[in-house]
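Chemist: As given, the protein sequences belong to chains A and B, one line each in that order. Number 348 in the numbering used here belongs to position 348 of the first sequence; there are no gaps in the numbering. Number 118 in the numbering used here belongs to position 118 of the second sequence; there are no gaps in the numbering.
Since the hints were derived computationally from the structure, they do not count as laboratory data. Certain hints may be false.
Copies of the same chain look alike in the list, so a pair counts if it fits in one copy or across any two.
Pairs of lysine-lysine residues, derived as BS3-like cross-links and limited to a Cα-Cα distance of at most 30 Å, are as follows [claimed, not checked]:
hint : residue 1 : residue 2
1    : 353       : 74
2    : 353       : 38
3    : 42        : 373
4    : 246       : 74
5    : 21        : 353
6    : 312       : 21
7    : 373       : 312
8    : 373       : 74
9    : 373       : 246
Note that the coordinates shown come from a computational prediction; the quantities given were computed from them, not determined experimentally.
There are 2 protein chains.
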Amino acid sequence: MSALEIVNRDPASQARTGRLKLARGTVRTPAFVPLATKGSVKSLTPDDVTGLGFDMVLGNTFHLMLSPGPERIKDFGGLAEFMRWPGPVITDSGGFQVFSMGHGTVADEVKGRRSKPEASQGQGRILAIEEQGVRFRSYVDGSEMFMGPETSMEIQAALGSDIALVFDECTPFHVTRDYTARSTERTHRWLDRCLEWHSANGPQEQLVYSIVQGGVYEDLRRESAAAVASRATGGIAIGGSLGADKAQMYEVVSWATDELDRTAGERPRHLLGIGEVDDLIRGVELGIDTFDCAMPTRLARHGTAMAPRPEKRWRLDLTHATGRDDHGPLVEGCECPCCAAGFSRAYLHYLVKAREFTVMRLLTLHNLYFVVKLMERLRLAIDEGDLPAVAAALRAGAAPWEA
Amino acid sequence: MSALEIVNRDPASQARTGRLKLARGTVRTPAFVPLATKGSVKSLTPDDVTGLGFDMVLGNTFHLMLSPGPERIKDFGGLAEFMRWPGPVITDSGGFQVFSMGHGTVADEVKGRRSKPEASQGQGRILAIEEQGVRFRSYVDGSEMFMGPETSMEIQAALGSDIALVFDECTPFHVTRDYTARSTERTHRWLDRCLEWHSANGPQEQLVYSIVQGGVYEDLRRESAAAVASRATGGIAIGGSLGADKAQMYEVVSWATDELDRTAGERPRHLLGIGEVDDLIRGVELGIDTFDCAMPTRLARHGTAMAPRPEKRWRLDLTHATGRDDHGPLVEGCECPCCAAGFSRAYLHYLVKAREFTVMRLLTLHNLYFVVKLMERLRLAIDEGDLPAVAAALRAGAAPWEA
Chain A
1 MSALEIVNRD PASQARTGRL KLARGTVRTP AFVPLATKGS VKSLTPDDVT
51 GLGFDMVLGN TFHLMLSPGP ERIKDFGGLA EFMRWPGPVI TDSGGFQVFS
101 MGHGTVADEV KGRRSKPEAS QGQGRILAIE EQGVRFRSYV DGSEMFMGPE
151 TSMEIQAALG SDIALVFDEC TPFHVTRDYT ARSTERTHRW LDRCLEWHSA
201 NGPQEQLVYS IVQGGVYEDL RRESAAAVAS RATGGIAIGG SLGADKAQMY
251 EVVSWATDEL DRTAGERPRH LLGIGEVDDL IRGVELGIDT FDCAMPTRLA
301 RHGTAMAPRP EKRWRLDLTH ATGRDDHGPL VEGCECPCCA AGFSRAYLHY
351 LVKAREFTVM RLLTLHNLYF VVKLMERLRL AIDEGDLPAV AAALRAGAAP
401 WEA
Chain B
1 MSALEIVNRD PASQARTGRL KLARGTVRTP AFVPLATKGS VKSLTPDDVT
51 GLGFDMVLGN TFHLMLSPGP ERIKDFGGLA EFMRWPGPVI TDSGGFQVFS
101 MGHGTVADEV KGRRSKPEAS QGQGRILAIE EQGVRFRSYV DGSEMFMGPE
151 TSMEIQAALG SDIALVFDEC TPFHVTRDYT ARSTERTHRW LDRCLEWHSA
201 NGPQEQLVYS IVQGGVYEDL RRESAAAVAS RATGGIAIGG SLGADKAQMY
251 EVVSWATDEL DRTAGERPRH LLGIGEVDDL IRGVELGIDT FDCAMPTRLA
301 RHGTAMAPRP EKRWRLDLTH ATGRDDHGPL VEGCECPCCA AGFSRAYLHY
351 LVKAREFTVM RLLTLHNLYF VVKLMERLRL AIDEGDLPAV AAALRAGAAP
401 WEA
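Construct all of the structure, not just a fragment, from the sequences and the given hints.
Modeler: What follows is the structure in structure tokens.
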């Protein structure tokens with residue numbers, strides 16, 4: 001039986017609303033999952049995050065393995081207990097971060113940008129990618145470390161997350177079709193090893209999600225989707241390179257969800273690392289149930305607010321001098337803690353320029369509020385049967401609370 | 001008539017409770033005033049600060065002059081309106097910061113530590129100290145700037161603070177008696193120029209505090225206290241070098257407050273830059289009404305929590321490995337937002353090591369809570385007539401909520 005109870009379906013797309021029932025609580029889907037990479041949503045407390053309306057956060061296996069270490073977190077009963085998060089937690093497998101060290105910045109790569117090998121210097125680095133797993137140097141203390149499918153699952157068992165992701169190679173955009181094919185096959189073998197370890201040793205209440213790879217090649221994506229759907233996992237994630245632009249990304253995701261529609265039953269689906277406003281709308285239409293992305297929180301820390309401005313990728317860069325004398329609110333009609341408190345754009349602009357911590361928090365609250373309201377609006381639209389109109393209004397620049 | 005309405009006096013000391021009635025509201029005294037140096041209490045919002053129980057914050061004339069500039073803030077109606085702080089604001093004169101550039105770090109100097117001229121390199125620097133004022137280079141853009149008594153008052157008028165401090169030279173510890181004497185006399189001449197400018201141009205509702213200087217020399221301190229008391233200011237601050245150690249600091253402050261008791265009437269008194277727990281207790285006993293200090297908030301940002309540990313200067317350094325596996329709370333019995341949320345020392349230790357923003361906020365909330373509760377307890381003790389016993393308990397290590 002699937003952990004996802006589907007509530008309503010959009011007749012015009014693959015979109016659906018649901019209740020994802022996990023060990024520590026229920027997630028209203030489709031949902032955005034904020035990052036608590038190192039065990040905190042940066043600048044916020046758990047109360048802030050639940051107050052905004054989020055049901056789940058995502059912790060990072062790779063970073064938490066290096067510090068404070070899985071044993072210390074296990075000693076507290078798991079990551080949720082360690083960080084005092086009262087709801088479900090998803091942990092990524094660490095694959096993305098491990099492979100980032102080898103491929104320059106995978107975050108750039110999966111979005112089709114150029115390779116930047118220098119970005120990994122002075123940090124950890126990959127020593128060898130082998131069938132068994134990956135050997136690398138810790139960015140914390142330079143010691144040699146190893147991560148393979150079993151390691152990742154063991155760490156995630158210690159973290160006690162509600163959802164664990166299998167260990168995969170996140171193939172970047174610039175590699176060959178042949179490399180992608182071989183990597184995807186290895187990812188499937190690693191999937192089996194993850195499931196084997198988990199069924200023998202993993203926490204029973206922990207759901208395991210497999211990961212569809214296959215790069216930007218339709219046959220490889222479809223084969224990978226069918227392959228992972230054939231394994232008995234609690235859910236399925238879509239990862240790896242999704243293309244050079246948004247059009248290609250949507251196509252690549254659609255190959256996977258199309259295949260999953262036919263073979264995966266009603267299991268929940270997670271789209272890894274995607275979170276721009278138009279991508280979330282399209283992802284929902286493609287039948288994605290949960291999303292995670294660093295973008296809303298990272299933009300906030302760099303002084304960019306999310307705003308209903310599709311022509312600017314829904315971004316308002318507060319470092320621009322145009323805001324210097326602007327008495328107006330950050331985003332008209334927004335009721336986030338930052339906007340509701342009445343801070344002007346001029347004040348926020350100044351705080352960003354002065355690098356004051358307070359503004360990172362204010363913009364983080366604002367951006368996550370924007371995203372949570374977007375997801376709420378999309379869920380309501382699906383439940384009320386008017387997703388096409390609502391999606392069109394949002395794409396045209398309506399704020400989530402207006403659309 | 002004094003803005004300070006004295007409510008109760010401690011028969012055994014100079015301590016008193018009061019209501020300091022300012023343009024934007026009333027401050028319950030004795031009170032600690034958190035720093036909003038650049039227009040925000042670092043990592044907090046105004047709601048956080050009022051929620052903790054503070055009545056007033058302190059903004060920094062020097063920093064705000066450089067950015068965003070007094071005109072921009074005036075355009076918003078003042079600093080309180082700009083930063084959306086709902087209560088009274090005190091602004092320092094900028095003297096301390098301007099002279100910091102010339103004397104190495106005055107913050108070190110006034111506490112009697114060694115001169116560190118290298119600390120001012122790469123930042124602004126003093127070009128000349130003249131009768132008219134101080135010429136210096138901006139640390140923001142390297143441009144030549146000037147600040148004198150009239151400039152400082154004009155900026156503070158633009159900032160629209162409830163309390164403005166006169167422009168003084170903050171004499172450091174290592175200068176000669178002769179330099180201190182001449183500097184103190186100039187500070188008195190500057191005081192007159194400040195008052196002249198303010199009576200002609202300043203906001204009527206803005207209270208002006210003079211500043212007692214005189215270094216660590218009893219005759220100079222007493223002369224300075226009498227000199228500033230003879231001018232018609234709304235209140236009196238005590239600044240400058242207070243000595244090499246706490247014993248000397250208490251003595252230096254006592255010369256000033258002793259003199260003020262005889263000559264200053266019931267005007268409110270502010271002690272500049274002092275805020276350690278034992279210093280606050282002694283300062284209250286010496287009849288100080290308000291205090292400001294960077295210590296509680298700065299310590300927090302560097303991973304140190306305030307705790308009832310007099311033998312450790314009321315500090316708990318969370319970077320120490322001893323906290324790594326400590327499941328216990330930060331401070332037993334504390335009901336600050338951090339402790340009440342149940343975060344363990346181990347989690348906070350880890351967040352400090354990982355340099356996560358959230359922990360700066362949590363420790364800032366904790367430390368300011370500790371200080372606000374300390375001041376509340378001291379006020380209650382004065383009102384109930386048991387200050388000696390309460391002060392003794394606090395000095396012996398009782399938490400403010402236990403003493």
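Chemist: Is it within a copy, between copies, both, or neither that the alpha carbon of residue 42 lies no farther than 30 Å from that of residue 373?
Modeler: both (20 Å within a copy, 28 Å between copies)
Chemist: If the cut is 30 Å between Cα atoms, do residue 312 and residue 21 qualify within a copy, between copies, both or neither?
Modeler: Neither, since 36 Å and 49 Å both go past 30 Å.
Chemist: Between copies, within a copy, both or neither: which fits residue 246 and residue 74 at Cα up to 30 Å?
Modeler: neither (40 Å within a copy, 46 Å between copies)
Chemist: Is it within a copy, between copies, both, or neither that the alpha carbon of residue 353 lies no farther than 30 Å from that of residue 38?
Modeler: both (26 Å within a copy, 11 Å between copies)
Chemist: Taking 30 Å as the upper bound on the Cα-Cα distance, should residue 21 and residue 353 be classified as within, between, both, or neither?
Modeler: Neither: 43 Å inside a copy, 34 Å across copies.
Chemist: At most 30 Å between alpha carbons: which applies to residue 373 and residue 246, within, between, both or neither?
Modeler: For residue 373 and residue 246, the Cα distance is within 30 Å only inside one copy (23 Å; across copies 54 Å).
Chemist: Could you place residue 373 and residue 74 in one of the four classes (within, between, both, neither) given a Cα distance threshold of 30 Å?
Modeler: neither (34 Å within a copy, 35 Å between copies)
Chemist: Can you give me the call for residue 353 and residue 74, within, between, both or neither, at a CA distance of at most 30 Å?
Modeler: Answer is between: at 19 Å across copies they meet the 30 Å cutoff, but 41 Å inside does not.
Chemist: Is it within, between, both or neither when you check residue 373 against residue 312 at 30 Å Cα-Cα?
Modeler: within (19 Å within a copy, 47 Å between copies)
In terms of the numbered hints stated before, the structure departs from hints 4, 5, 6 and 8, listed from lowest to highest.
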